[in-house]
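Listed below, chain by chain, are the residues.
Number of protein chains: 2
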Amino acid sequence: MKRLLSLLLAAAIPTLPALAQKFEGLVPTPPMGFNTWNTFATNISEVLIMETADTMVKNGMRDAGYNYIVLDDCWALRTRDANGSLVPDPAKFPSGMKALGDYLHARGFKFGIYGCAGSKTCGGYPGSQGHEYQDARLFASWGIDYLKYDWCFTETRNAKEAYTTMRDALFAAGRPVVFSICEWGNSKPWEWAKDVGHLWRTTGDITDSYNAVQRWERGWKLILDLQYSQVQPADGPGNGIGQYAGPGHWNDPDMLEVGNEGLTFAESRAHFSMWCMLAAPLMAGNDVRHMSPEILAVMTNKEVVAIDQDPLGKQGWRFRAEPSREIWVRELANGEWAVALLNTGDTAAELSIDFPHMGFLGNCAIRDLWDKKAAGTTEKAFTKRLESHDVALLRLKPIK
Amino acid sequence: MKRLLSLLLAAAIPTLPALAQKFEGLVPTPPMGFNTWNTFATNISEVLIMETADTMVKNGMRDAGYNYIVLDDCWALRTRDANGSLVPDPAKFPSGMKALGDYLHARGFKFGIYGCAGSKTCGGYPGSQGHEYQDARLFASWGIDYLKYDWCFTETRNAKEAYTTMRDALFAAGRPVVFSICEWGNSKPWEWAKDVGHLWRTTGDITDSYNAVQRWERGWKLILDLQYSQVQPADGPGNGIGQYAGPGHWNDPDMLEVGNEGLTFAESRAHFSMWCMLAAPLMAGNDVRHMSPEILAVMTNKEVVAIDQDPLGKQGWRFRAEPSREIWVRELANGEWAVALLNTGDTAAELSIDFPHMGFLGNCAIRDLWDKKAAGTTEKAFTKRLESHDVALLRLKPIK
Chain A
684 MKRLLSLLLA AAIPTLPALA QKFEGLVPTP PMGFNTWNTF ATNISEVLIM ETADTMVKNG
744 MRDAGYNYIV LDDCWALRTR DANGSLVPDP AKFPSGMKAL GDYLHARGFK FGIYGCAGSK
804 TCGGYPGSQG HEYQDARLFA SWGIDYLKYD WCFTETRNAK EAYTTMRDAL FAAGRPVVFS
864 ICEWGNSKPW EWAKDVGHLW RTTGDITDSY NAVQRWERGW KLILDLQYSQ VQPADGPGNG
924 IGQYAGPGHW NDPDMLEVGN EGLTFAESRA HFSMWCMLAA PLMAGNDVRH MSPEILAVMT
984 NKEVVAIDQD PLGKQGWRFR AEPSREIWVR ELANGEWAVA LLNTGDTAAE LSIDFPHMGF
1044 LGNCAIRDLW DKKAAGTTEK AFTKRLESHD VALLRLKPIK
Chain B
684 MKRLLSLLLA AAIPTLPALA QKFEGLVPTP PMGFNTWNTF ATNISEVLIM ETADTMVKNG
744 MRDAGYNYIV LDDCWALRTR DANGSLVPDP AKFPSGMKAL GDYLHARGFK FGIYGCAGSK
804 TCGGYPGSQG HEYQDARLFA SWGIDYLKYD WCFTETRNAK EAYTTMRDAL FAAGRPVVFS
864 ICEWGNSKPW EWAKDVGHLW RTTGDITDSY NAVQRWERGW KLILDLQYSQ VQPADGPGNG
924 IGQYAGPGHW NDPDMLEVGN EGLTFAESRA HFSMWCMLAA PLMAGNDVRH MSPEILAVMT
984 NKEVVAIDQD PLGKQGWRFR AEPSREIWVR ELANGEWAVA LLNTGDTAAE LSIDFPHMGF
1044 LGNCAIRDLW DKKAAGTTEK AFTKRLESHD VALLRLKPIK
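Protein sequence lines, in the order shown, are assigned to chains A and B. Per the numbering used here, numbering of the first sequence is gapless, rising by one per residue and ending at 1083. Per the numbering used here, numbering of the second sequence is gapless, rising by one per residue and ending at 1083.
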């Protein structure tokens, strides 16, 4: 009997159905929203979230597409309860997470939260390792729509296993959740995460600078560079990690630092533009309650956001990189293009794009999205004076 | 603030206390008991367990040390309940696991159960991946004392991570549990499992034959050989995987096939003897309700069991391997030795141990543990006629 059983079991193994999967259809374009970490870190509360949501309704951010409001780390107590459940810090969230979710849902937002694949979160709060299904059920009971899932204290854990386990747990809990893989690119998630999560971090953390390195954090320009050095340099379409992104599964170069104190206005605007070129998730990381009108105008520029949200979902690539100039190109739906011209130099300069030598773009009319005006055609070079670290963002439309 | 926090967190990481650990002091000598798998596989029930326990009280097995009664795979329903809890099959266990544990505890037994580190058990029942803490709490509520934890359907999971997660979950649940790592030796658990579990399988499954290979199952002599080929051949003390075993942490060459139909009496007796030489867990895998008096006498031979349970806890090693003869040596407490002489040939033969050429043993009196009589001293060779695959098991005591 024993041997017979063994044979039967062996025969059954390959035919067991795949019971769990990723929720499909949630992010045909990159998710947009707000996340607490970059500005608030541990200093979070339900009041902050409610005020943020109220502000985003009033200032037009919600209607511009920023509809995921995500609580990052430090929302929980440092220990689970006797049943092993995560407990929201009652000092920060006295009304509880279900009430907070209801508040957000009533205002047209989705509710996101943070967890970690290790024994602890990066901030030392309880991780979900070994608690995945229980935590996923709890999140579902709170109305969670988005989970950012971090990678601290994972020791020997295998990343694909860890994220697949939480994917399966979320699926079993039954409530559709956008699953944000925050594994910092260590195990090349672009190679395996398409069917596991909806977005995956490609690098370590961003910080509010242009190119500084602060321990494991990097300025946004260095993160932009890392989109190439992560894999073999590949300045062209179809190569590099850009090939792994598309509707429903996105490379995530980390949340926005737009409007934060370490960036000039030009650097904030260029950072935003380049994230749109990358088809990156646009998760505001500033204090939206106290943002300048200029920064609000950047983040809600409909024509710029439309580059990020282009339905074709193809990530842009770096066409040219020189000491003081980069040119990026992104293919859009309906044969249109986005082109970015970035002043990477330390001073203002007159920079050009030699469109006649970029024949693959075809004959197009050019619209300058920050100046909000037509800017000629691709029959001749485009030239613009740009401040240091500023950008020109152009949309090209074929001339029939 | 953000950067300050990052620095604080980074500083805190190395100093976080180790909150979880293995339960210590449970198995100063290798665990002994009974496990359902080898004979009963899926055909298990509370009646079987109760009858087995009653038999083991009556026939002396319990008092000989066989005190762990372990339910192997196939005890659960194929799906978890709405809360994610494992559910014992009510057709097999109508009284529930708590009642069964109470029955065993009242009779002086410990209660063991089976789980799996993957999404499913080897038999296709629910695995504990992502449910570790919840399952550990449930086991504790049932009075579980021993967990055999398997390795099917683990895909990309890292073994050390998987078993450490369940170790931590068991520790958090608070009830001391012997943790039996059943990972088949794939990731060399002897190198990492000492602080994770109490015993770890070194090979794939055993089957009731001497040396046949049946898919992933192997005869006990092949498993004995694998104790050496698993790592660099090392026929000597202090080398090979034997060096990793000791009080509280044991190599596990798998459960006993003693008394099962595929083995001759000689093969059963030799198998038992060699497992004692290996300081192996002695988990009966036969139907103890219907065992022959001869097999019962083998399994309850106090002098032989004492070799296995020797308090020094040093595993034996293969001193000599020849086409038709193997000699194994095990150092015991108080300067004594166990020596096994195995007839690996296909026919009965007169075999010898040339004690005068094994000076490291010193001058000892020899006792033949199966014949239960004195057998001279190590001043001259020991010779005995042995049936094919039979064994002589000797205990050597220094002559003062």
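Treat the hints loosely; a few may be bogus.
Copies of the same chain are indistinguishable here, so a pair counts whether it falls within one copy or spans any two.
Calculated lysine to any residue pairs in the SDA-like style (CA-CA distance at most 20 Å, straight line) [said to hold, decoys possible]: (1) 871 to 841; (2) 1080 to 949; (3) 871 to 839; (4) 985 to 711; (5) 1083 to 1019; (6) 843 to 870; (7) 803 to 855.
Bear in mind the hints are in silico, worked out from the structure with no lab data behind them.
### Task
Go through the numbered hints given earlier and state which of them the structure violates, listing their numbers in rising order.
2
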